[in-house]
Amino acid sequence: MAKQKHVDLSVPSAARMYDWLLGGSNNFEVDREACRLLLEIAPTSRELALNNRLFLQRVVRVLAEEHGMRQFIDFGSGLPTQRNVHQIAQEVDPEAHVVYIDNDPVVLALGQSLLDENDNTAILPVDMTDTDTIFAHEDFTRLIDFTEPVAALFVSVLHCLPDSAGPKELVERVVDKLRPGSFVVVCQLVSDDPEVRDDVTELMRVQTHGNWGRVREKADVEEIFKNLVVEEPGLVDVTDWRPDSELQQRQRSIEWTEYGGLGKVPPRE
Numbered sequence: 001m002a003k004q005k006h007v008d009l010s011v012p013s014a015a016r017m018y019d020w021l022l023g024g025s026n027n028f029e030v031d032r033e034a035c036r037l038l039l040e041i042a043p044t045s046r047e048l049a050l051n052n053r054l055f056l057q058r059v060v061r062v063l064a065e066e067h068g069m070r071q072f073i074d075f076g077s078g079l080p081t082q083r084n085v086h087q088i089a090q091e092v093d094p095e096a097h098v099v100y101i102d103n104d105p106v107v108l109a110l111g112q113s114l115l116d117e118n119d120n121t122a123i124l125p126v127d128m129t130d131t132d133t134i135f136a137h138e139d140f141t142r143l144i145d146f147t148e149p150v151a152a153l154f155v156s157v158l159h160c161l162p163d164s165a166g167p168k169e170l171v172e173r174v175v176d177k178l179r180p181g182s183f184v185v186v187c188q189l190v191s192d193d194p195e196v197r198d199d200v201t202e203l204m205r206v207q208t209h210g211n212w213g214r215v216r217e218k219a220d221v222e223e224i225f226k227n228l229v230v231e232e233p234g235l236v237d238v239t240d241w242r243p244d245s246e247l248q249q250r251q252r253s254i255e256w257t258e259y260g261g262l263g264k265v266p267p268r269e
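When we follow the UniProt record's numbering, the leftmost residue of the sequence shown carries the number 1, and every step to the right adds one.
Honestly, the hints are just simulated from the structure, not real lab data.
Backbone N, C-alpha and C fix where the C-beta goes; we use that ideal spot for every residue, glycine too.
Among the hints, a few may not be true.
Claimed, not checked - Pairs of lysine to aspartate or glutamate, EDC-like flavour, derived with a Cα cap of 16 Å:
#1 Lys218 / Asp192
#2 Lys177 / Glu269
#3 Lys264 / Glu172
#4 Lys226 / Asp176
#5 Lys218 / Asp237
#6 Lys168 / Asp220
#7 Lys264 / Glu232
#8 Lys168 / Glu223
#9 Lys177 / Asp130
What the hints assert, rightly or not - Simulated restraints on C-beta separations:
#10 Lys264 / Thr141: 18 to 26 Å
#11 Val11 / Glu195: 20 to 28 Å
#12 Pro266 / Phe28: 38 to 46 Å
#13 Arg252 / Pro162: 23 to 31 Å
#14 Gln87 / Ala109: 36 to 44 Å
#15 His209 / Val230: 34 to 42 Å
#16 Asp192 / Arg142: 39 to 47 Å
#17 Arg252 / Arg142: 40 to 48 Å
#18 Arg205 / Arg32: 16 to 24 Å
#19 Leu39 / Thr141: 37 to 45 Å
#20 Pro43 / Pro94: 40 to 48 Å
#21 Val11 / Arg173: 27 to 35 Å
#22 Glu65 / Pro105: 28 to 36 Å
#23 Arg268 / Glu232: 43 to 51 Å
Start from the sequences and build out the full structure, keeping to the hints where you can.
In structure tokens form, the structure reads like this:
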């Protein structure tokens with residue numbers, strides 16, 4: 001088993017900041033103060049977080065109901081909150097298998113307590129870029145069968161990786177393991193405003209003591225999908241990805257967006 005990295009709880013974490021923006025309670029004052037600084041740069045960040053969480057829930061439901069997915073890998077899953085991946089997938093089929101991957105000790109402690117009684121779900125204490133360890137982990141091999149279709153989720157997480165960690169290459173390594181007919185979900189923080197990109201990136205780099213990547217551009221996300229078949233409605237602000245008609249339209253984020261979509265692994269050439 002991979003050794004868990006030590007996380008200084010006096011340093012903000014992106015996972016706990018996201019939890020606070022969603023209205024959760026699994027965060028500390030240091031996270032809340034970092035969020036307040038973030039809101040000074042990007043005041044609609046709370047709306048962005050809420051819209052992203054709803055996207056995750058919609059896309060998992062679509063994968064389970066419409067595409068028959070019964071295996072899910074959630075890379076950089078973050079803190080458990082309401083309506084997690086396994087809860088949505090297992091509403092469609094109680095036998096659906098879900099593997100969460102995160103090496104933040106707070107995420108692991110809370111996630112493990114949530115999953116202890118669910119034999120079809122596991123959380124792996126592994127850095128999400130360490131795919132060799134992930135794919136060889138006993139809980140992973142118990143739950144995920146690469147000879148069958150798999151849905152791999154990279155939801156609001158690749159911006160936490162610096163370019164040196166190879167976020168695009170991480171997705172490519174995972175896609176190489178997936179059989180045709182599998183699916184990949186990717187969205188990450190982007191902005192058309194270079195000042196917002198630079199200011200948020202610098203703030204998060206300083207606040208998290210370097211445990212951050214960068215806010216990117218739409219073209220960076222589009223490059224990740226170039227070898228996948230993008231499902232309708234294409235690559236969009238995730239607020240616009242098949243919104244539930246019965247839900248009142250949420251306020252949009254303005255300064256930056258979560259941009260991405262759903263891609264299908266095509267037949268091998």
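What hint numbers does the structure not satisfy? 14, 23
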